[in-house]
Each structure stands twice: as C-alpha cells, then as structure tokens.
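Chains as they are written, first to last, in our numbering: chain A, 0 to 110; chain B, 96 to 209.
Note that these hints are calculated values from the structure, not bench results.
Certain hints may be false.
[Claimed, not checked] Result set (DSSO-like, lysine-lysine): computed pairs, CA atoms no more than 30 Å apart in a straight line:
id : chain 1 : residue 1 : chain 2 : residue 2
1  : A       : K66       : B       : K110
2  : A       : K97       : A       : K69
3  : B       : K139      : A       : K55
4  : B       : K173      : A       : K97
5  : B       : K110      : A       : K69
6  : A       : K66       : A       : K55
7  : A       : K69       : B       : K139
8  : A       : K35       : B       : K149
9  : A       : K55       : A       : K97
10 : B       : K146      : A       : K35
11 : B       : K139      : A       : K67
12 : A       : K69       : A       : K107
13 : A       : K66       : A       : K97
14 : A       : K35       : A       : K66
15 : B       : K139      : A       : K35
16 : B       : K173      : A       : K35
17 : A       : K107      : B       : K173
18 : B       : K139      : B       : K110
19 : B       : K136      : A       : K55
20 : A       : K67       : B       : K146
21 : A       : K107      : B       : K149
22 : A       : K35       : A       : K69
23 : A       : K35       : A       : K67
24 : A       : K67       : A       : K55
25 : B       : K149      : B       : K173
26 : A       : K97       : A       : K35
27 : B       : K173      : A       : K66
28 : A       : K67       : A       : K97
29 : B       : K139      : A       : K97
30 : A       : K107      : A       : K35
31 : B       : K136      : A       : K35
32 : B       : K139      : A       : K66
33 : B       : K110      : B       : K149
34 : B       : K146      : A       : K107
35 : B       : K173      : B       : K146
36 : B       : K173      : A       : K69
[Stated by the list, open to error] Negatives, chain A to chain B, calculated, CB over 12 Å:
id : residue
37 : D15
38 : T29
39 : L42
40 : Q43
Every residue, glycine too, gets a C-beta built ideally from N, C-alpha and C.
If you want the building blocks of each chain, they are given just below.
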Amino acid sequence: GEDVEQSLFLSVREGDSSVINCTYTDSSSTYLYWYKQEPGAGLQLLTYIFSNMDMKQDQRLTVLLNKKDKHLSLRIADTQTGDSAIYFCAEMDSGTYKYIFGTGTRLKVLA
Amino acid sequence: EAGVTQFPSHSVIEKGQTVTLRCDPISGHDNLYWYRRVMGKEIKFLLHFVKESKQDESGMPNNRFLAERTGGTYSTLKVQPAELEDSGVYFCASSQHLINSPLHFGNGTRLTVT
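Taking the hints into account, I'd like the entire structure generated from these sequences.
This is the structure we're talking about:
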C-alpha cells in the first residue's frame with residue numbers, strides 16, 4: 000500500500016536553514032503537501048506542489064520534488080523559534096482521493 | 096469564516112465505555128474526513144464522507160467504530176466499546192472540492208482509554 004516516510008526529529012539553530020525530508024511510494028500522486036502542526040492545534044496547510052513541478056518557492060519556504068526518487072523536501076530559510084512544530088508530508092492518492100500522511104518531523108529551533 | 100471545530104478537545108474514558116466525537120466542518124464543505132494519530136506514528140485515514148454518504152471507509156479499524164453524517168452537515172464518530180489501543184488524537188478535516196482543494200483540519204480530540 001501507499002507509504003510516506005519522514006525522520007522523526009530535527010534540531011537547528013535560529014537563523015540557520017532547516018531541511019525536512021520525505022519519501023513516498025505512490026508514483027501516481029497528483030499533489031504533495033506539507034502541513035504544520037503547532038502544539039494543541041490542528042494541521043495547517045503550509046504549501047503544496049503539483050507532481051509535474053520540480054520546485055516551488057513561497058517566501059522562506061522552498062519545496063523540492065524528485066519524482067524519480069519519490070523524494071520531497073521542505074527547506075525553511077532563516078528558521079525562527081516560531082517555526083518549532085511538527086511538519087507532516089502528505090500525498091494525495093489520485094485514484095481514491097485519500098490523503099496519506101507521514102509520521103511527522105518534530106522541528107526544534109534552538110535560540 | 097469559522098474553521099473546522101471538534102468536540103470535545105479531550106476525553107478520558109475507561110475501557111469498555113462509549114465515546115462520541117463530534118466534528119463541525121466549514122460550512123459548504125461537502126467533503127469530511129476523519130483521521131487518527133496514535134502517539135508518535137503517522138496520521139492514518141479512517142473515512143471520508145461526501146455530503147452524507149460514506150465515500151470511503153476503508154480505514155475504519157473494526158466494527159466498534161461508527162461514523163455518521165446525517166444531513167451532510169456535522170459528523171459524529173462513536174467508539175463502542177472503547178479499547179486501550181483506541182487512544183490517540185482524532186482529527187477531522189473538510190474540503191470544498193475533492194481535488195485542487197486543501198484540507199482544513201480541526202484541532203483534534205485527544206482520546207485516552209484507561
């Protein structure tokens with residue numbers, strides 16, 4: 000079945016760049032997403048990329064997609080303490096329209 | 096616009112008891128999803144409603160779980176009888192369209208079965 004994998008933890012210093020990685024298995028996914036979850040809150044859509052794109056930039060966020068390797072990454076430039084959260088990668092199964100989420104990566108930003 | 100709201104935010108029940116979770120999607124959103132996250136693991140799909148119809152319930156763990164969406168508005172997810180492994184955070188999400196439409200999530204209900 001479909002599977003999305005992420006590393007569980009990442010720690011960076013304030014001002015550095017963070018790179019959160021994700022691998023997925025469904026090559027027919029149309030969209031790939033990054034969601035952010037702050038403590039006690041629901042998931043908030045950060046950005047998404049269409050499967051025919053290689054890169055998408057949105058202010059401090061850069062999404063890179065390598066379809067051949069089924070690898071997605073999220074780069075956060077100039078990481079701030081407010082970026083500390085859990086980041087979930089998700090793909091949308093184009094057949095069932097089901098979202099498949101990863102385990103989430105807990106980003107900790109050190110002052 | 097009001098976001099997706101879930102009630103209660105926390106629930107602690109004993110094994111064997113019944114719990115009902117409620118989700119109010121964003122008004123006008125036909126698609127409503129239930130997801131569950133067990134501690135430290137991935138967010139797993141439970142089921143998907145389109146209006147009042149169950150589009151996909153392939154993620155429901157077993158027949159102790161019953162979801163309804165009468166009238167195509169709010170949805171309830173009942174667990175009866177609850178087991179220890181049902182503990183986790185239950186998220187509801189809604190979207191206006193099936194594709195090209197992001198999921199809007201509620202804050203989740205944290206269920207603890209003791």
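Verification of the supplied hints:
no., hint, result
1, A:K66 with B:K110, "violated (45 Å)"
2, A:K97 with A:K69, "holds (18 Å)"
3, B:K139 with A:K55, "holds (27 Å)"
4, B:K173 with A:K97, "holds (22 Å)"
5, B:K110 with A:K69, "violated (41 Å)"
6, A:K66 with A:K55, "holds (14 Å)"
7, A:K69 with B:K139, "holds (20 Å)"
8, A:K35 with B:K149, "holds (28 Å)"
9, A:K55 with A:K97, "holds (23 Å)"
10, B:K146 with A:K35, "holds (27 Å)"
11, B:K139 with A:K67, "holds (25 Å)"
12, A:K69 with A:K107, "holds (26 Å)"
13, A:K66 with A:K97, "holds (19 Å)"
14, A:K35 with A:K66, "holds (23 Å)"
15, B:K139 with A:K35, "holds (16 Å)"
16, B:K173 with A:K35, "holds (27 Å)"
17, A:K107 with B:K173, "violated (35 Å)"
18, B:K139 with B:K110, "holds (22 Å)"
19, B:K136 with A:K55, "holds (28 Å)"
20, A:K67 with B:K146, "violated (37 Å)"
21, A:K107 with B:K149, "violated (39 Å)"
22, A:K35 with A:K69, "holds (21 Å)"
23, A:K35 with A:K67, "holds (26 Å)"
24, A:K67 with A:K55, "holds (17 Å)"
25, B:K149 with B:K173, "holds (15 Å)"
26, A:K97 with A:K35, "holds (19 Å)"
27, B:K173 with A:K66, "violated (40 Å)"
28, A:K67 with A:K97, "holds (22 Å)"
29, B:K139 with A:K97, "holds (10 Å)"
30, A:K107 with A:K35, "holds (13 Å)"
31, B:K136 with A:K35, "holds (15 Å)"
32, B:K139 with A:K66, "holds (23 Å)"
33, B:K110 with B:K149, "holds (28 Å)"
34, B:K146 with A:K107, "violated (39 Å)"
35, B:K173 with B:K146, "holds (18 Å)"
36, B:K173 with A:K69, "violated (37 Å)"
37, D15, "holds (25 Å)"
38, T29, "violated (7 Å)"
39, L42, "violated (4 Å)"
40, Q43, "violated (7 Å)"
In summary, the numbered hints that this structure violates are 1, 5, 17, 20, 21, 27, 34, 36, 38, 39, 40.
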